[in-house]
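*Asks:* Residue numbers (the numbering used here), protein chains in the order written: chain C, 1 to 409; chain E, 1 to 233.
Any given hint might turn out to be false.
The following label-pair restraints were derived from C-beta to C-beta distances [what the hints assert, rightly or not]:
hint, chain 1, residue 1, chain 2, residue 2, range
1, E, Leu-72, C, Ile-375, 39 to 49 Å
2, C, Phe-304, E, Val-67, 36 to 46 Å
3, E, Lys-116, C, Ser-399, 42 to 52 Å
4, E, Glu-159, C, Ser-15, 24 to 34 Å
5, C, Ser-280, E, Leu-72, 51 to 61 Å
6, C, Gln-274, E, Lys-75, 51 to 61 Å
7, E, Glu-220, C, Ser-15, 50 to 60 Å
8, E, Glu-159, C, Ile-286, 37 to 47 Å
9, E, Arg-228, C, Phe-304, 21 to 31 Å
10, E, Leu-72, C, Gly-377, 54 to 64 Å
11, E, Gly-144, C, Phe-304, 40 to 50 Å
12, C, Ser-15, E, Leu-72, 27 to 37 Å
13, E, Arg-228, C, Ile-303, 43 to 53 Å
Which chain E residues face chain C? A few, computed with CB under 7 Å, are given here [said to hold, decoys possible]:
hint, residue
14, Leu-54
15, Glu-74
16, Asn-93
17, Tyr-97
18, Leu-106
These aren't lab readings, by the way, just hints derived from the structure by calculation. Here the structure is a predicted model, which means the values were calculated and not measured. Even for Gly, the Cβ is constructed at its ideal location relative to N, Cα and C.
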Amino acid sequence: MFDLDLWREIFQSISKNKLRSLLSGFTVSFAILLFTLLFGIANGLENTFNGFFKDDAQNSIFIRPGKTTKPHKGFKAGRKIQFKNEDYEYLKNDFGNKVQYITSRVYKNFMASYKNEKNTYSIRAVHPDHQYLEKTLVYEGRYISAKDLEEESKVVVIGRLVEEDLFMKTVALGKYINLGGIQYKVVGVYRDDGGDNEERMIYMPISTAQKIYGNNDYVDQINMTYNPAMSYNEALSFSKLLTKKLKERFDVAPKDQSAVRVRNMAEASKNVNQMTTVLSVLIIIIGMGTLIAGIVGIANIMIFVVKERTKELGIRKALGATPKSIVTMIMLESVLVTSLAGYFGLLVGMGLLELIGDSLKEYFITNPSVSTNLIVGATIILIIAGAIAGYVPAKRAASIKPIVALRDE
Amino acid sequence: MLEIKQLHKSYPIGDSSLHVLKGIDLSVKEGELVAIMGSSGSGKSTLLNIIGMLDEADEGSYVLDGVPIKNLNEKKAAVYRNKFLGFIFQSFNLINYKNAVENVSLPLYYQGLGRKERQEKALFHLGKVGLKDWAKHLPNELSGGQKQRVAIARALAAEPKLLLADEPTGALDTKTSYEIMDFIQELNDEGKTILIVTHEEDIANMCKRVVRLKDGVIMEDKFVNQVRAAQYV
Ligand SMILES: Nc1ncnc2c1ncn2[C@@H]1O[C@H](COP(=O)(O)OP(=O)(O)OP(=O)(O)O)[C@@H](O)[C@H]1O
Ligand SMILES: [Mg+2]
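Here chain C stands alone, though its shape is the one from the complex (with noise of 0.2 Å):
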């Protein structure tokens, strides 16, 4: 029931006595302030975290190859380990569905010119399988496809950047590119979530790159993603295995550390993941100390209002205000002046998170905002407050005799 003559009395008792008013709202306003920028931070936190790994499948595992640091079944220690297609054929057929995708890659670094236009790019050699692995965003034209594999087709895939780069602003997509002296056709132009420079590579098929430049079957790096049905300590054991197979397929020592590095992504993210929620949880207990601070400073400052308004009060008992009418009275007024200042407080908050966002990259702080969520939670949990801090001196004014309220002092 929305009463307007009930709070025009609001209204006016809170612009009448705007110091009063201001003073129990800064207290809200600064900590919701304080909740906002700190959960901002906290969310900017964890998409910096959550980014490292937006660029890659989260099930990847990269495997490469080193140089090996001891001696083993008459080989030397120092020996070069050099992967080759048949180590990829392998790894690919003698594991089963355990292996969802996989690719090998072979790195050059070209200059690429198209008319005028030139520059020096990332070129990765890779199986189709690669686009998964990546995450590569295709939006125009295609991937590299088993088919140019077979053919050893002389096509590339370029990223976004070096459409724009290259071409000026005009399509790409059917040109040929000049690599290293040798024309490619531009099958495919890519984005990618993982920044720039992934932004900035070249794509070609694995078996181009190897006849071309060099005429062997070497491979620089093996990546693969395991089957995500595996729990997270199956596919530790999975890379455990891997490595063990491996380092016996090379004749490498089973302690040697370094000539065949197996790296999988599910470490590195589980640990993140446990970080950020150490991060979150802190945050939360900071966040909801400075709620509760709030609402510890509304409630005192409420008492201490009422307790000025104690003469007031009598004189509206003396013409007649029942005990529930002080209470609704002083409560409304309780959960607007929070609700306000918080809301304030809230808005304040998510400019500057707002203004200051960009300039925090590098402490490690992306994007910092806050949800929806958060901001409906808080509100309701102002309106409670707001309540509860009214409510417990309003009820106490209220049972006060006029008598005593009206005495003199």
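Fit chain E with the ligands to the given chain C structure using the hints.
*Replies:* Leaving out everything else, chain E with the ligands in the frame of chain C:
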């Protein structure tokens, strides 16, 4: 109008208690104008507050307009205060952030009247005390006499049966006091029952009946020849 029998009231002070009213018998008829006198601390205010339901008696009976006032809950007391009683205090007790007309409207707000009706009635009563032009002024922009007249307008606004005034002229100079008394006499002429607590003999003589308290009992209760205040203003 009101009937009080063997009324007792004590205040606890530390471990002991102070027996302020020790068996008051008082009966007031409709249309009376009664002055309650007595030395300071004799319990005048205490008696008036009990009559006004701002405070409760410990013992004895009190019937107001045929309604026994005993163990009233706060809500009922509020309704009676609002409907039957008008208060005028020595220190005016206006709400300082409300202007004159808003102060006068307040009892009407608690009667549940609509905004327009409140405004009209409040202005009418302000007019009766001669302050129509001061309706929009805050209490601190008014003189003591004007404040007391606003307070009287407020007490009248609810059209109470009984008007209770605790030293209404206590904070005013003689001339202003007589103006206020003139006004109170007019109200009484119109038939309103009025009880006034006062220290001053001249004010008491402007009433029709004087009740003197001493040591918690009524020492004297007599009718007097009313002195009209109009001749002094
Ligand atoms: N709430 C209270 N607690 C304790 N003692 C009280 C209380 N109210 C009044 N008294 C005491 O009761 C006695 C009567 O007080 P009361 O206010 O009725 O006197 P009064 O006749 O109105 O005096 P005055 O002329 O000074 O106003 C006084 O001694 C006063 O100190
Ligand atoms: Mg007194």
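*Asks:* Please go over all the hints and tell whether each is borne out by the structure.
*Replies:* Now the hints, each set against the structure:
no.	hint	result
1	E:Leu-72 x C:Ile-375: 39 to 49 Å	holds, 47 Å
2	C:Phe-304 x E:Val-67: 36 to 46 Å	holds, 39 Å
3	E:Lys-116 x C:Ser-399: 42 to 52 Å	violated, 34 Å
4	E:Glu-159 x C:Ser-15: 24 to 34 Å	holds, 31 Å
5	C:Ser-280 x E:Leu-72: 51 to 61 Å	holds, 56 Å
6	C:Gln-274 x E:Lys-75: 51 to 61 Å	holds, 59 Å
7	E:Glu-220 x C:Ser-15: 50 to 60 Å	holds, 52 Å
8	E:Glu-159 x C:Ile-286: 37 to 47 Å	violated, 59 Å
9	E:Arg-228 x C:Phe-304: 21 to 31 Å	violated, 49 Å
10	E:Leu-72 x C:Gly-377: 54 to 64 Å	violated, 44 Å
11	E:Gly-144 x C:Phe-304: 40 to 50 Å	violated, 30 Å
12	C:Ser-15 x E:Leu-72: 27 to 37 Å	holds, 35 Å
13	E:Arg-228 x C:Ile-303: 43 to 53 Å	holds, 51 Å
14	Leu-54	holds, 4 Å
15	Glu-74	holds, 5 Å
16	Asn-93	holds, 5 Å
17	Tyr-97	holds, 4 Å
18	Leu-106	holds, 5 Å
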